[in-house]
Structure formats: structure tokens, C-alpha cells
Amino acid sequence: ETGVTQSPTHLIKTRGQQVTLRCSSQSGHNTVSWYQQALGQGPQFIFQYYREEENGRGNFPPRFSGLQFPNYSSELNVNALELDDSALYLCASSLTSGSQETQYFGPGTRLLVL
Amino acid sequence: AQSVTQLDSQVPVFEEAPVELRCNYSSSVSVYLFWYVQYPNQGLQLLLKYLSGSTLVKGINGFEAEFNKSQTSFHLRKPSVHISDTAEYFCASNNNAGNMLTFGGGTRLMVKP
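Just so you know, the protein sequences line up as chains A and B, in that order. Going by the numbering used here, the first sequence opens with residue 3, and the numbers climb by one from there. Going by the numbering used here, the second sequence opens with residue 5, and the numbers climb by one from there.
Keep in mind that the hints are not guaranteed to be accurate.
As the list claims (entries may be wrong) - When the alpha-carbon atoms are kept at most 25 Å apart in a straight line, the in silico SDA-like pairs for lysine to any residue are as follows:
1) Lys53/B / Gly42/A
2) Lys15/A / Gln46/B
3) Lys73/B / Gly100/A
4) Lys15/A / Gly42/A
5) Lys73/B / Ser88/B
Think of the hints as simulated: they come from the structure by calculation, not from any bench.
Extracted from the complex, chain A is given alone in its bound form (with noise of 0.2 Å):
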């Protein structure tokens, strides 16, 4: 139990839609990360959220957005689904950012796209 939850667990969408995928941190983390895990495959790093600003971002395009609130809860948001959007998307909070921070695990939104 890391102590942070993400909501809905499973989801279902079509191509083109949009969707909202929402994680809650642990009560004093500034920092959230959030992450897409294909099938069978390691997680990839979308991008990270600093005191609500985004500090760095993978190799992901604009359509993938994301918010941080004062309350630390997050959003990650994807416009225009393609398929191969479908995955596992994990958030992670960390007491602040930096490279020796660990990093806690919410269980993860399984995003299905048709």
C-alpha cells in the first residue's frame, strides 16, 4: 500500500475521443510522475509535475497533457485516442523531485481504445 490511488481502474474509449485518467499523492508530495506501460512491456516515462509546473517530459506529443493541483491530486490527459494509446498508465508520487527520490506507485488506469 504506496498510499497513492488513481481512479477509474479500467476504462474503455474509442479512437478520437478524449479521456481523463486522475491520481492522488501522498499527503507532502510536490512531485508527480506519470507513466504508459504497454502489454507486456516496461513503463515509459510521460512526463513529471513540480509544485504544478512541468518539469520534464518524455517522448510523448502535445496531446498528452497533464495538470497538478495545490490539493495533490493530478490529471493526465489524452486528446484524439489512437489505438495504440491502449496501456496501463501509472502515476507515481515522490516526496520532491530529485534523482535519489524514491518514486510511490499508484496500482494504475488500464486504458482500452476500439
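Chain A is already provided as a structure; the job is to place chain B on it using the hints.
Positioned in the frame of chain A, the structure of chain B alone reads:
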């Protein structure tokens, strides 16, 4: 750019046998290394991490890993596995800026009775 390679996609082993899950990393800068475990339909749980100091790192559930700079490896070991250790294991490194975990492809540990 940093990368992490897990050499075995699947490792079958009998209960109470020892196991080693291999991980190699590439990085031209200081590197911090992590092992995570993912049980079916769950998120990732930290097993252990190497930041600095002693190259032998002990983690939860009886796991340990050894950092080897000359071989750029961070292999995970357990002297005696249980059925409950059946899961996917991921090795990861953190870049100098600290804002991005790079994961390997994962190793599925299958413990058989």
C-alpha cells in the same frame, strides 16, 4: 541517453531454489538504480535502491542486489524463492536531473512448486 536492459524476459525456478535476475545499465553520468516488483493487476512496489556507498543493497522480502560499476550491472538475487515471489520485476535507473525513471523491459519470475 541512459538505457536499462533486462537480459531475461522469463525466469522459471522451483520453490526454495536461488534466483538471479539480471540488469545492465548504460549511463555516462552518476546513476541511481532501483528494482521494482509488479504483482498481477497491481502497480509497482519498490524492492530496493542503490544511491551510493556499499555496493550490496538489501531490500524487502529477502531480496538483495549488487551494484557493479565495471560491469555496469545491478543484478537482483534471492537465496530461496517462494511461490508468492511470482511476479514481474523491473530494473530502473534515474537520470541526473532526477525527473525520469528509465525502466528495463521486465523479467517475469515464475516460481514452481
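Against the structure, the hints come out as follows:
no.: 1; hint: Lys53/B / Gly42/A; in the structure: holds (23 Å)
no.: 2; hint: Lys15/A / Gln46/B; in the structure: holds (21 Å)
no.: 3; hint: Lys73/B / Gly100/A; in the structure: holds (21 Å)
no.: 4; hint: Lys15/A / Gly42/A; in the structure: holds (21 Å)
no.: 5; hint: Lys73/B / Ser88/B; in the structure: violated (31 Å)
Violated hint: 5 only; the structure is consistent with all others.
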